[in-house]
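Chemist: Per the working numbering, the sequence shown starts with residue -17, numbered consecutively.
Source of the hints: derived by calculation from the structure; they are not laboratory data. The beta-carbon is built from N, C-alpha and C at its ideal position, and this holds for glycine as well. Please note that a few of the clues may not be correct.
BS3-like cross-link-like pairs, simulated, lysine-lysine; straight-line CA separation at most 27 Å [said to hold, decoys possible]:
1) K37 - K54
2) K(-12) - K78
3) K78 - K37
4) K22 - K(-12)
Computed spacing ranges between beta-carbons, pair by pair [to be verified]:
5) P11 - E77: 41 to 47 Å
6) G12 - P56: 37 to 43 Å
7) G12 - T67: 18 to 24 Å
8) P11 - D46: 26 to 32 Å
9) T84 - D46: 25 to 31 Å
10) N40 - T9: 23 to 29 Å
11) P11 - S43: 40 to 46 Å
12) L19 - E77: 19 to 25 Å
13) R(-5) - N18: 33 to 39 Å
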Amino acid sequence: MDCANKIGIGIIRDGQVLSNPRRTYITPPGEGFRPNLTAKHHQSVILDLIDIALKEANIKSLADIDVFCFTKGPGMGAPLIVVATVVRTLAQLYEKPIAVITINLQITKIIRLFVCLRYRTIES
């Protein structure tokens, strides 16, 4: 699960993305992002997104998920807490491990991959 002003649920099997539904919180014109309103948006859509992701991936139950992941930031605290709470709850209910991902690390990996592909270098 990923969040900021966007929230997404991804289901991956053997490196293949089976599902990745997302929703974006759009602020009223002229206003910036307010963490509390963004968090309320995420609360209102997260369970539906989980259902959509499971259906798109043709998975019948959350019990069939091997590990629950979420990004821990950096980002707005309130939306991150919403997602972390849902993930921790699901992991406890289904007795599954949690993988916490740092966004900066993922961005670094994407940049490395781009450089390797662009300049045909081999990453060690």
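Chemist: Determine for every hint whether it applies to the structure shown.
Modeler: Each hint tested on the structure:
no.: 1; hint: K37 - K54; in the structure: 26 Å, holds
no.: 2; hint: K(-12) - K78; in the structure: 25 Å, holds
no.: 3; hint: K78 - K37; in the structure: 20 Å, holds
no.: 4; hint: K22 - K(-12); in the structure: 12 Å, holds
no.: 5; hint: P11 - E77: 41 to 47 Å; in the structure: 46 Å, holds
no.: 6; hint: G12 - P56: 37 to 43 Å; in the structure: 25 Å, violated
no.: 7; hint: G12 - T67: 18 to 24 Å; in the structure: 31 Å, violated
no.: 8; hint: P11 - D46: 26 to 32 Å; in the structure: 42 Å, violated
no.: 9; hint: T84 - D46: 25 to 31 Å; in the structure: 27 Å, holds
no.: 10; hint: N40 - T9: 23 to 29 Å; in the structure: 35 Å, violated
no.: 11; hint: P11 - S43: 40 to 46 Å; in the structure: 42 Å, holds
no.: 12; hint: L19 - E77: 19 to 25 Å; in the structure: 34 Å, violated
no.: 13; hint: R(-5) - N18: 33 to 39 Å; in the structure: 35 Å, holds
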